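I would like the entire structure built from these sequences, with the hints used as guidance.
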Amino acid sequence: MTTNILLITLVVLAIIALNTKKLRRAVVYLGVFSLISSFLYLLYGAPDVAIAEAVIGTTITTVLYLVALKKYQIFTIYFCSDPNDPNRRNLTNNSPFLNSLESFLVKREMEPQIIYSEKPIKTILTQDKFDLAICQTDQKFWIYGSVDDYQLDALEDHLLTNHGDLNIHLIRYTEGDDNEA
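Numbering (full-length UniProt numbering), first residue to last: 1 to 181.
Do not rely on the hints blindly, as some may be mistaken.
Per label pair, the in silico range of CB-to-CB distance [what the hints assert, rightly or not]:
1. Ile15 - Lys122: 24 to 30 angstroms
2. Lys70 - Ile115: 18 to 24 angstroms
3. Thr9 - Ile56: 18 to 24 angstroms
4. Thr59 - Lys119: 43 to 49 angstroms
Calculated directly from the structure, the hints in this document are not laboratory data. Bear in mind the structure is a predicted one, so any value in this text is a computation, not a measurement. Even glycine gets a Cβ: it sits at the ideal position worked out from N, Cα and C.
The following block contains the structure:
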């Protein structure tokens with residue numbers, strides 16, 4: 001009876017882990033999944049496999065996943081503006097647009113790393129590694145993001161909802177393309 005309950009729990013945990021939207025929560029579910037499977041190995045009379053599963057599956061793998069998620073969640077944003085704009089410093093320091101972008105990324109468990117650059121946008125697009133590049137000219141925002149980035153669709157919805165009054169141009173590019181708009 002206990003074995004059947006644990007087997008059903010394994011299936012339920014696997015389904016929950018696969019359908020969870022937050023990656024960190026999925027890692028926790030997978031850790032519990034591994035712990036229950038090691039307990040099942042004990043019930044089936046394989047203590048050596050149970051110990052290996054407990055050590056490798058529950059501890060090492062979970063820690064490695066969490067470390068990888070911590071590294072993965074850094075979202076690099078390059079921000080450049082027109083070098084001739086006299087209000088350039090004010091725009092970057094207290095920009096409601098950038099503050100809103102930061103809070104959006106924090107809500108999605110991402111750590112925004114905004115780099116204020118003096119380089120022209122074409123140089124940034126060809127030379128630097130980034131998740132998002134934003135160029136502000138006059139009252140226009142040119143936002144460059146990768147086609148493969150799944151965060152870009154949600155970001156576009158957020159920008160349209162909260163900053164629909166701004167003149168925002170979102171440009172999706174493929175890695176390696178000539179990224180001229």
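Hint check:
1. Ile15 - Lys122: 24 to 30 angstroms: Since the Cβ atoms of Ile15 and Lys122 sit about 47 angstroms apart, the hinted range of 24 to 30 angstroms is violated.
2. Lys70 - Ile115: 18 to 24 angstroms: 19 angstroms, holds
3. Thr9 - Ile56: 18 to 24 angstroms: 20 angstroms, holds
4. Thr59 - Lys119: 43 to 49 angstroms: Given a distance of about 44 angstroms, which is inside 43 to 49 angstroms, the answer is holds.
In this structure, only the earlier hint numbered 1 is contradicted, and the remaining ones agree with it.
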